[in-house]
Each structure stands twice: as structure tokens, then as C-alpha cells.
Amino acid sequence: MDAQGHRHTDKPERDATLLRPDQAHIEEEQDKEIHGCSSHTKIGTMDSYSDTSDVERDAGISRFPTQQDHLGSDLQPNSTEIERIQTQKSQHSQTVGCTFGANKPYPPQLIDQEAYVVGFDGPDDPLHAQNWPFVDKLIIATMLGFTTFTASFGSAIFSTTIPHLQARFHVGSVVATLGTSLYVLGFATGPILWAPYSELKGRRSPLVFASFGFAIFNLAVAVAKDVQTVMICRFFGGFFGACPLTCVAAVFSDMFNNRSRGNAITIFAMAVFCGPLFAPFIGGFIVKSKLGWRWTEYITAILGFVCLGLNVIFLRETYAPQILVEKAATLRRATKNWAIHAKQDEIEIDFGELLEKNFSRPLRMLVTERIVLLITIYMSFIYGILYLFLTAYPLVFQRVHGMNPGVGGLPYFGLISGQLLAGLVIFLRQPAYERKLAANDNVNVPEWRLPDVIAGGICFAAGMFWFGWTGYKADIHWIVPTLSGLLLGFGLLAIFLPLFNYLIDSYLMFAASAIAANTFLRSLAGAAFPLFARQMFEGMGIEWASTLLGCLAVVMVPVPVWFYLQGEKIRRKSVYAQTR
428 MDAQGHRHTD KPERDATLLR PDQAHIEEEQ DKEIHGCSSH TKIGTMDSYS
478 DTSDVERDAG ISRFPTQQDH LGSDLQPNST EIERIQTQKS QHSQTVGCTF
528 GANKPYPPQL IDQEAYVVGF DGPDDPLHAQ NWPFVDKLII ATMLGFTTFT
578 ASFGSAIFST TIPHLQARFH VGSVVATLGT SLYVLGFATG PILWAPYSEL
628 KGRRSPLVFA SFGFAIFNLA VAVAKDVQTV MICRFFGGFF GACPLTCVAA
678 VFSDMFNNRS RGNAITIFAM AVFCGPLFAP FIGGFIVKSK LGWRWTEYIT
728 AILGFVCLGL NVIFLRETYA PQILVEKAAT LRRATKNWAI HAKQDEIEID
778 FGELLEKNFS RPLRMLVTER IVLLITIYMS FIYGILYLFL TAYPLVFQRV
828 HGMNPGVGGL PYFGLISGQL LAGLVIFLRQ PAYERKLAAN DNVNVPEWRL
878 PDVIAGGICF AAGMFWFGWT GYKADIHWIV PTLSGLLLGF GLLAIFLPLF
928 NYLIDSYLMF AASAIAANTF LRSLAGAAFP LFARQMFEGM GIEWASTLLG
978 CLAVVMVPVP VWFYLQGEKI RRKSVYAQTR
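According to our numbering, the stretch in the sequence shown is residues 428 to 1007, in order.
Derived from the structure by calculation, the hints contain no laboratory data.
In this text, all values refer to a predicted model and were calculated from it rather than measured experimentally.
Quick reminder that beta carbons are idealized off the backbone N, C-alpha and C, glycines included.
Misleading hints may appear alongside valid ones.
The calculated label-pair distances, taken between Cβ atoms and stated as ranges, are [said to hold, decoys possible]:
#1 I906 to F854: 23 to 29 Å
#2 C525 to L782: 48 to 54 Å
#3 E861 to G528: 54 to 60 Å
#4 G719 to S844: 26 to 32 Å
#5 D548 to F840: 47 to 53 Å
#6 Q962 to T795: 33 to 39 Å
#7 Q655 to I776: 54 to 60 Å
#8 L935 to I709: 36 to 42 Å
Result set (BS3-like, lysine-lysine): computed pairs, CA atoms no more than 27 Å apart in a straight line [to be verified]:
#9 K770 to K784
#10 K763 to K628
#11 K996 to K784
#12 K717 to K652
#13 K996 to K863
#14 K715 to K900
#15 K715 to K652
Make the full structure from the sequences, and use the hints.
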């Protein structure tokens, strides 16, 4: 008995034979005739083939008897069978384009290929990620939440180094700000690789590989000797940092069922949004100390290596098809039956399909689908303002109120508190959502997500006006614009998370394409907004620049209202959208 609990016998190689006995005899006869000799070897009785080995029986795999099993053991080759096999060989040679090698003919197809495909042992199989112990899932969720936080943290901590970068490399503020923009641009391009990679090879492999790349490129920024190296490595840091932003939500979907998935995704979204807001005050204290600006990147690289170690040691594969691939590999080694495989092993990479899924279809949906277009514009606006705050807050609290970079980063806790409040509200509303779902025969209505967005949109617009008209002059106490962060942070998460779920609910079969379009345009906005933020706030003034953004936020509020009232009708007319 091995470590897997399977019993071994001395028969697995014999039981793994894939040829029917009569076919094996015919192949032998034919090969010997080709070499100028004949054979009258008698094939053994069928009993030696029909017995299933103990290992195969324990693995839940058996060969079903066929009509040939009931025939006699003295089958002799006939001309029809030989002609059929020769035709099969010819077809193999023409379609495959090469010989089997080693002077061997192509073997016939498996008698019953489905009999060799592994699966889960029912809905309660402990191998499935949703059936793991809650403690295991909690550890993985916490670890991946930290990985996501680190990736988003790295996007914003660089903003505190901009004055030092200007002095060190003699560049302007726009060029120095490119370090933040290129990182977020990496967020836009990374999912092109990480999304299909995670669907082909599982979640663990890309997360481990990306953690290593993330740490290495942030370390390269820390030791860079010229601004070109800084910019290139910042882009690739964002490219590898995009992996947890792409894959972690999928991991949570693998581990948690419909009842608990919403809460798990809420924690993921809070990690994405809180990371950039914790970075400024940490980076501010670092650049103010004797450590210098390079240590902002050293710290990020160290966090990346910590994530790498945690993922290598503790992260388990959660993607169900890949779990079955690993199960099949274990059974192949245990039984010596090399035909055992998982459905995922049959998938071949089709670059045309990858282009369609990741480029053509997302762009087509962005242009033709009103829901995708307007929701993406709204989310891009919100995401862009998140990174615009990396410029706006220092102008208010460091320039107007005279705070140093470290203390000047503390007002970001107003935004963080607002996001925590939004997360709490979403948690508390989850039971009501579940009751509506149960009352509707577990048929989800996407528009149920939108009331939170409407409330969040109103709060966000009000917060923008509050921030601008209380932060532009020093005689208004600094706590007043800080408290505006409660409304701004609440609005950020209350808008972003329900709209994200609304896209998924509306385009179930094409959700990946809808999210790909959304992620690309949203990340472009996050990369672009910091580039003009300083010029806008300095040219228009803090109060009027905030007023402009607040007015745009007000214009966005009717978008979820319209979809709440007309969304079902719009989806019925859509080619891609899900309807009841």
C-alpha cells in the first residue's frame, strides 16, 4: 500500500494495455509479414485482459467489457481487418505528418476514452477547493489578500519619491510621475498574459512566478543608476503586480460558494483600494528619514519576497480542472496506466482563440454594449481619481497646511475609514441579498446590485465638493478636508465593487471579456490621471479643480439609475448579455 492508500499488485503494466487482444494479434501478424516471416502465435485467453487491477479499482477507473471480450481467444487475422488497420496507419501518417517512430505503427484509439478521464468523487470530494476546511481557506485568503495589497501598495509608494527623483536624475515632474503611470499601465497589460495563463495552468503557478518577477523588478528600481532603468522596471513591476489583481478574485471564486463569495470579493476589493492609500504616509516617513527614496522600493521588494515565500510554501492549487490534472498525474504514476488523464490535459493552446477572447471580443463589447461602455467609463473615472488623490492630497496637506511628507500622508486614513465603512455596509446587506435570491428561486437579477452604486455615487460627488472647498486655504482646519475622505472612500468602494459584480452578473458567459475591457480602460485612466493632476490643481486652483471633478461625478450618478430602471430591457436586446 502506498502513500495514497492504493494497493499495488504485480499486474498494472498488463492491465494498462490499451489494444484489444485481436488487434494486438493482427498487428503482430502484419509486422511479421512485412519483414518476410509468418507467425502462428496464439493469443492468451481474454481473462488476462478483463481483470481490472486493484490499483485501478481503488482509483475509481475500470475498463468496461466490449463485444470483443465475449469472442473466442483464437481470433485469426482476416483481410478486412488488415486492410482497415493499414488504412488507419495511412490516415495517421497523412494527418499527423510524421511516423510514430521506433519502427512502430500508430496504435489504435482508446476503446472508451471517457473511462480514463478522472473526476471528483461527488460534490463533497475533499479535493475540491470549496470543500476544504474553513481554516485552510481563511489562511489562503489572508495570504492572497496580503499579496494583492502589496501589488497595489507598490503602485502608489513611488509617488512620495517624485521630488527626490527630480533632483537625482534632473527630470521634470511629469517625467518623474511616469514612474507611477507606467506601473499602472502594467496593470492594464498584465491581464493579457495572466488571465489565460491561470485558466490553462491553474492559479498557483502564475501567482508564484509573478511574485518572483514583482520582487525582482522592484529591487531593480531600488538600485537603478538612471531614469530609463527606473521607468522600464516600474512598468514590469506593474506587469507582474497585475497577476494577483487578475487571479486572486478567481481563487476566491474557486474556494467560496455563492453564499460566501460576495464577502470574500469585498475583502479583495478593499485590499486593491487600501493599498494605494497606505503607501503615501509610509513612503513619506521613509523619504524624510536617513534611509532615502530608494528604500521605498527596497521595502516593496522585501514585501514581494515575503509574498513569494508564503505562496511557495502555503499556496495550494484551487482551480478545479488543474486539481484534476494533478490527480491524474498521481494516478498515472501509481497505476502505470499512462492513458489516465484529466479533461484539462486535452486542451490545446489556440492563439486565435486567445486573441479573440482577450482583444477582439472585449473591444467589440466595449463599443457595442451600452452596459459595458457606460459602466467602464464610470469605473475608469473613479479609479483614475484614486490615483489623482496621490497628487491632490500632498498639495492640500503639505503645501497649504505645511505638513511634512510623513504627516501629510496621514489624512489618507480618512479615505481608508470611508472604504472600511463601505465594506461594513456591504457585509451587512449581504443577508438581505441572499433572502431576495432565495425568494426568486436562486435566479439572480443583476440590477439588485445597483442601489448601493447610486448611494455611493451621491456620496462621492458630495465628498469631492467638500474636499475642494475646505482644502484650498490654510485658515480652514486640516481635519475638515480630512473628514471629506469618509464620503470619498465610501463612494469609491460602494461604486466600484457592485458595478464589478453587475458586469459579471450581466455577462455570465462573456464575463471574462467584459472584465478584460473594463480592466484595460480603467487601468489606462489610472495611468493618465496622475500626469495632468498637478497642472490641473495648480492651474485651476484646488477648489475649482475639485468642483470640475465633482460635477463630472454628478453627471455619472444617472448611469446606475438608468440601468436600475431599464437594465433588463437593455440586456434582452444584447447579443452577449445574460437574460432570465
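- [ ] Hint says 48 to 54 Å; check whether the CB-CB distance for C525 and L782 agrees.
- [x] 28 Å, violated
- [ ] Would you check the hint for K996 and K784, treating anything up to 27 Å between C-alpha atoms as holding?
- [x] Distance of about 26 Å is within 27 Å: holds.
Task: Given hint K652 paired with K715 - CA-CA distance at most 27 Å - done: Cα-Cα ~21 Å, so holds.
- [ ] Verify the proposed pairing of K996 with K863, using a straight-line Cα cut of 27 Å.
- [x] 20 Å, holds
Open item on the list: Can you confirm whether the C-alpha distance between K717 and K652 stays at or below 27 Å?
Closed with: OK: K717 and K652 at ~19 Å, within 27 Å.
Open item on the list: Need the status of pair K715, K900: alpha-carbon distance at most 27 Å?
Closed with: 25 Å, holds
Task: Given hint K784 paired with K770 - CA-CA distance at most 27 Å - done: The given pair, whose Cα atoms are some 21 Å apart, holds under the 27 Å limit.
Task: Range agreement (Cβ of F854 with Cβ of I906, hint 23 to 29 Å) - done: 28 Å, holds
Open item on the list: Just to be sure I understand the hint, the distance between the Cβ atoms of L935 and I709 should be within 36 to 42 Å; is that true here?
Closed with: 40 Å, holds
Open item on the list: Range first: 26 to 32 Å. Now tell me if the beta carbons of G719 and S844 are that far apart.
Closed with: 31 Å, holds
Open item on the list: Range first: 54 to 60 Å. Now tell me if the beta carbons of E861 and G528 are that far apart.
Closed with: Hint holds: Cβ distance 59 Å, inside 54 to 60 Å.
- [ ] Please test the hint of 33 to 39 Å on the beta carbon pair from Q962 and T795.
- [x] The hint (33 to 39 Å, Cβ to Cβ) holds, given that Q962 and T795 are roughly 35 Å apart.
Checked against the numbered hints above, the structure violates hints 2, 7; every other hint is satisfied.
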